[in-house]
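S.K.: Using the sequences and the accompanying hints, generate a full structural model.
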Amino acid sequence: MTDEPTPAVEPADTAGTVTDPAPAVEDDLLVEDVSIDGMCGVY
Amino acid sequence: MPAAEPTGFDLERRYALHPQVAVRPEPFGALLYHFGTRRLSFLKDPRLLEVVRRLADAPTAHAACTAAGVSEAELDRFARALATLAETDMLEVA
Amino acid sequence: MRLVDQFERGLDAPICLTWELTYACNLACAHCLSSSGRRDPRELSTVEAKAVVDELARMQVFYVNIGGGEPTVRPDFWELVDYATAHRVGVKFSTNGVRITPEVAARLAASDYVDVQISLDGATAEVNDAVRGVGSYATALRAMDNLHTAGMRGFKISVVCTRHNVDQLDAFKALADRLGGQLRLTRLRPSGRGADVWDELHLLPGQQRQLYDWLVEHGEGVLTGDSFFHLAAYGSALPGLNLCGAGRVVCLIDPVGDVYACPFAIHESFLAGNVRSPGGFGGVWRTSELFRSLREPQSAGACGSCGAYDACRGGCMAAKFFTGLPLDGPDPECVIGHGATALSTVDRHGAPRPAGDHSHTSGVRGGPVPVTIGRHPPEHACDESPLAGIGAGP
Chain A
17 MTDEPTPAVE PADTAGTVTD PAPAVEDDLL VEDVSIDGMC GVY
Chain B
2 MPAAEPTGFD LERRYALHPQ VAVRPEPFGA LLYHFGTRRL SFLKDPRLLE VVRRLADAPT
62 AHAACTAAGV SEAELDRFAR ALATLAETDM LEVA
Chain C
6 MRLVDQFERG LDAPICLTWE LTYACNLACA HCLSSSGRRD PRELSTVEAK AVVDELARMQ
66 VFYVNIGGGE PTVRPDFWEL VDYATAHRVG VKFSTNGVRI TPEVAARLAA SDYVDVQISL
126 DGATAEVNDA VRGVGSYATA LRAMDNLHTA GMRGFKISVV CTRHNVDQLD AFKALADRLG
186 GQLRLTRLRP SGRGADVWDE LHLLPGQQRQ LYDWLVEHGE GVLTGDSFFH LAAYGSALPG
246 LNLCGAGRVV CLIDPVGDVY ACPFAIHESF LAGNVRSPGG FGGVWRTSEL FRSLREPQSA
306 GACGSCGAYD ACRGGCMAAK FFTGLPLDGP DPECVIGHGA TALSTVDRHG APRPAGDHSH
366 TSGVRGGPVP VTIGRHPPEH ACDESPLAGI GAGP
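Protein chains in written order, with the numbering used here: chain A, 17 to 59; chain B, 2 to 95; chain C, 6 to 399.
Quick caveat, the hints were computed from the structure, so don't treat them as lab data.
These figures come from a predicted structure and were not determined experimentally.
Just so you know, even glycine gets a beta-carbon here, dropped at the ideal spot from N, CA and C.
Treat the hints with care, since some could be wrong.
Unchecked claim - Quick list of the computed label-pair ranges, beta carbon to beta carbon:
1) D77(B) / L209(C): 46 to 52 Å
2) E93(B) / E53(C): 36 to 42 Å
3) S349(C) / E93(B): 53 to 59 Å
4) E301(C) / D58(B): 37 to 43 Å
Unchecked claim - To give an idea of the chain B side of the interface with chain A (calculated C-beta under 8 Å), a few residues:
5) L12
6) L44
7) K45
8) D46
9) L49
10) A82
11) T89
M.R.: Right, dumping it as structure tokens:
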């Protein structure tokens, strides 16, 4: 974490790739991403 | 020579973790959280974490992969992963 | 192993968690998941709260979602928020907006590591105030105006979807766009006071479909807190992990330090331990018997033969628990209708009651009329005192 001020960044709008893995290439995906908001049970 | 890579990511350039990214190692690889974009990325291979850790000190992303034990046959797969991280601002050009 | 399978087994530390700082609140929302209103005298002290932050930092929890009650009524609220961010723990706090003054808004606009979420349950005062009390819409809008004016962009506007606001989704989006906020739609669970109003407020089957379709078409940029993974049975899953993270990747720390699987499950059955125990929060997360059992493969039970199970994962544990349904069976709002069938045969009056009712005992000015029928007796004699909870209110 940095102390330098950074410009406000708009939250990314892209849908999390976690939700639609194509089974055939699922093993090939080494990175998946989701919003920090994307976990159930959190305010 | 690696297969065609997604636009914008170049294995022969040097990259670094964005300064607003926190890294948490996990048994399956790692969690990365970007405080600016508020996105969470899951690295699904411990070697990918090793690559990410070596990026800033290696001359190129390719070299970081090699140093982390990624074979040439797997390079394409790892390059795509790094490209995804770059697209989501987890990585930036160093 | 798929990523979700990995998460269902639990991680060594939560990814993020909810921390309810106080049960005190200036409002008396009809559906409050934590049955808040009056401060609990056993609340964690500032020193104890900082010790929790120290642990979260050590465990590398990325983010803490601070709520309550109304967290800003704690005198040490900003001290704790600043302590968390100084220790590399991000903060988002959930508020009804009562203390989001222009000065506070300016402070928030200037910080990258503190985010704010304004609760709103109607795009008009008429719809909102019926649930949250007279004046609450105005309070929330004033807070949002202050945030907008201060230049804060991307603050969250969090809506609990109900039968009465589901037709206002476009209006909510327009409001968020106009004020520079980001819309968040979440599911109503029969938790806390929500148990008393769930039958009247939860989405009807056609409305669930309406919500799902709206999210698919207009939901780019709309957050959901992964609330609607039970709707994945309609078609493709919505963005998010699409699994119940309770006790696996998330949990709740309540105002008296009790650790629950999630904020919608404040009940002894989902109580994992207390942060005041010798092992602290970390000890509870790692060694609690409840969490250990949640991290084992869960039985699909009656849902095992249903083709939708892989997508819907049997829905929400808390929704099943507080409607009296078995956990290894359909969600009460199962989109195929299995939940409705199950509900028709279960004894609703025998369903578990939420633990620890901290509701106001007399009416909050303009608040919804508190439901007193069916409430279980107070836990402590002092809860009857009219002075309980008074001392740090707004």
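S.K.: Each of the hints needs a verdict: does it hold here or not?
M.R.: Against the structure, the hints come out as follows:
A C-beta distance of roughly 50 Å is found between D77(B) and L209(C), which places it inside the suggested range of 46 to 52 Å. One distance hint, 36 to 42 Å for the beta-carbon pair E93(B) and E53(C), holds here, with the actual separation near 40 Å. Our hint of 53 to 59 Å for S349(C) and E93(B) holds, since their Cβ atoms are close to 57 Å apart. Remark: the range hint 37 to 43 Å for E301(C) to D58(B) is upheld by a beta-carbon distance near 41 Å.
For L12(B), the suggested interface contact is broken, since its CB lies about 15 Å from the closest CB of chain A, more than 8 Å. The closest approach between the C-beta of L44(B) and any C-beta of chain A is roughly 6 Å, which is under the 8 Å cut-off, so the hint is satisfied. This hint holds: K45(B) has a C-beta 5 Å from the nearest C-beta of chain A, less than the 8 Å allowed. Interface restraint check for D46(B): the shortest CB-CB distance to chain A comes to about 5 Å, inside 8 Å, so the restraint holds.
The beta carbon of L49(B) comes within 5 Å of a beta carbon in chain A, closer than 8 Å, and the hint placing it at the interface holds. Satisfaction of the interface hint for A82(B) is found here, the shortest Cβ-Cβ separation to chain A being roughly 4 Å, below the 8 Å cut-off. Checking T89(B) against chain A: minimum C-beta separation of about 6 Å stays under 8 Å; hint holds.
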